[in-house]
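Work the whole structure out from these sequences, hints included.
Taken in sequence, the protein lines are chains H and G.
Take the position in the first sequence, starting the count at 1, then add 140; the result is the number in the numbering used here.
Take the position in the second sequence, starting the count at 1, then add 114; the result is the number in the numbering used here.
Calculated from the structure, these hints are not laboratory results.
Fair warning: this is a prediction, and the values are worked out from it, not measured in the lab.
Hints may contain errors.
[Unchecked claim] Computed, partial: chain G to chain H, Cβ under 8 Å:
id	residue
1	His145
2	Arg154
3	Pro163
[Claimed, not checked] Using 25 Å as the maximum straight-line C-alpha spacing, the simulated SDA-like pairs for lysine to any residue come out as follows:
id	chain 1	residue 1	chain 2	residue 2
4	H	Lys268	H	Ser215
5	H	Lys268	H	Arg354
6	H	Lys268	H	Arg323
7	H	Lys358	H	Glu267
8	H	Lys268	H	Ser283
9	H	Lys358	H	Arg323
10	H	Lys268	H	Asp324
11	H	Lys268	H	Gly351
12	H	Lys358	H	Arg262
13	H	Lys358	G	Phe136
14	H	Lys268	H	Ser342
15	H	Lys268	G	Ala137
16	H	Lys358	G	Ile174
17	H	Lys268	G	Pro158
18	H	Lys268	H	Thr289
19	H	Lys358	H	Leu285
20	H	Lys358	G	Asp135
21	H	Lys268	H	Lys358
22	H	Lys358	H	Asn279
23	H	Lys358	G	Arg134
24	H	Lys358	H	Asp324
25	H	Lys358	H	Arg328
26	H	Lys358	H	Pro326
27	H	Lys358	H	Glu343
28	H	Lys268	H	Glu222
29	H	Lys358	G	Asp138
30	H	Lys268	G	Leu169
31	H	Lys268	H	Asp217
32	H	Lys268	H	Ser353
33	H	Lys268	G	Arg171
34	H	Lys268	H	Gly258
35	H	Lys358	G	Ala137
36	H	Lys358	H	Arg286
37	H	Lys358	G	Leu142
38	H	Lys358	H	Leu325
39	H	Lys358	G	Pro158
Even for Gly, the Cβ is constructed at its ideal location relative to N, Cα and C.
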Amino acid sequence: MRAGGREKPDSHEDVRLSQLYQQITDLQAPRFGVGYDVEKGMERYRAWLDEHDGEAETLPPDAFWVSGTARAEWSADRAVVELYAEQYRALVRLAALLVRDTPTAEEVVQDAFEAMHGGWQRLRDTEKALAYLRQAVVNRSRSVLRHRTVVDKNLQKAPPDMPSAEHGALVLLERSAVVAALRDLPDRQREAIVLRYYADLSEAEIATAMGISRGAVKSHTARGMTALRTALEEL
Amino acid sequence: MTAGAGPGPGRPGSGPARGRDFADFVRLALHAAADQIEPRADGPEGLVPIRARILARSGIPWPQAFAMSRYWLGPK
Numbered sequence: 141m142r143a144g145g146r147e148k149p150d151s152h153e154d155v156r157l158s159q160l161y162q163q164i165t166d167l168q169a170p171r172f173g174v175g176y177d178v179e180k181g182m183e184r185y186r187a188w189l190d191e192h193d194g195e196a197e198t199l200p201p202d203a204f205w206v207s208g209t210a211r212a213e214w215s216a217d218r219a220v221v222e223l224y225a226e227q228y229r230a231l232v233r234l235a236a237l238l239v240r241d242t243p244t245a246e247e248v249v250q251d252a253f254e255a256m257h258g259g260w261q262r263l264r265d266t267e268k269a270l271a272y273l274r275q276a277v278v279n280r281s282r283s284v285l286r287h288r289t290v291v292d293k294n295l296q297k298a299p300p301d302m303p304s305a306e307h308g309a310l311v312l313l314e315r316s317a318v319v320a321a322l323r324d325l326p327d328r329q330r331e332a333i334v335l336r337y338y339a340d341l342s343e344a345e346i347a348t349a350m351g352i353s354r355g356a357v358k359s360h361t362a363r364g365m366t367a368l369r370t371a372l373e374e375l
Numbered sequence: 115m116t117a118g119a120g121p122g123p124g125r126p127g128s129g130p131a132r133g134r135d136f137a138d139f140v141r142l143a144l145h146a147a148a149d150q151i152e153p154r155a156d157g158p159e160g161l162v163p164i165r166a167r168i169l170a171r172s173g174i175p176w177p178q179a180f181a182m183s184r185y186w187l188g189p190k
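What follows is the structure, given as structure tokens:
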């Protein structure tokens, strides 16, 4: 557990704790369901944000720092709520195509939202925030795969992060010949193809999400598509 | 039938299509595969872990952060 309040958290510890609390929530879901109404709760929270957005707008631009921080917090909270409602599912699906399992994909996307909230003062715009979220999802997915490779090498057995058979989404994913073939491509080629043909992003948007040039996007996409076609021909 | 899950381009015996057709085939296959994925925590409930992470970043210990995030959704 984090001591001293503001120490930089250990990301592995965070992930483990997040998984633990998610499991506890899943187990306690029926009991939680008795005491909470999430839809009504969200309505109340949105109303609270509306109310405080109004207050934030009335603050002078040079209001002392606490007010400024509070204003940024309100905007960041609102951005998280709005982008979550619009993009969460699509981002989880994007991440799942990259990391190949849904629980890890959700972790990746939650992590990206947390980072976006933290960087809101720099972003201050939902378009920029969405581009940031995509970039964070791609980067974090890459880290997950890198971590898996290291663990696989050490344990010399099946990937430990792979979910059990109960996660039907993975089974469904693996049923797709294209997704199975995609798995064997180099990371960059896989990312370029998923961002182009699943997320329907432009070359420029893919370049931003992957942190590479447009020329490199073209090259990775073309090579990936050729490799994919070859793999499918060999089936 | 979903793209990539049954007979058609890319499946044994037919061979993948070429050029634009292949791009369309890949697009359909990826969308079909992705459409099967449903986040475990969908709807407003999914905001709880995100909110908990945000609170935890500000120094609130995880158990409290998680409890606060749940409570933030509000009682009936």
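When the structure is checked against the list of hints, which entries are broken? Sort them ascending. Violated hints: 6, 10, 12, 15, 16, 18, 39; rest satisfied.
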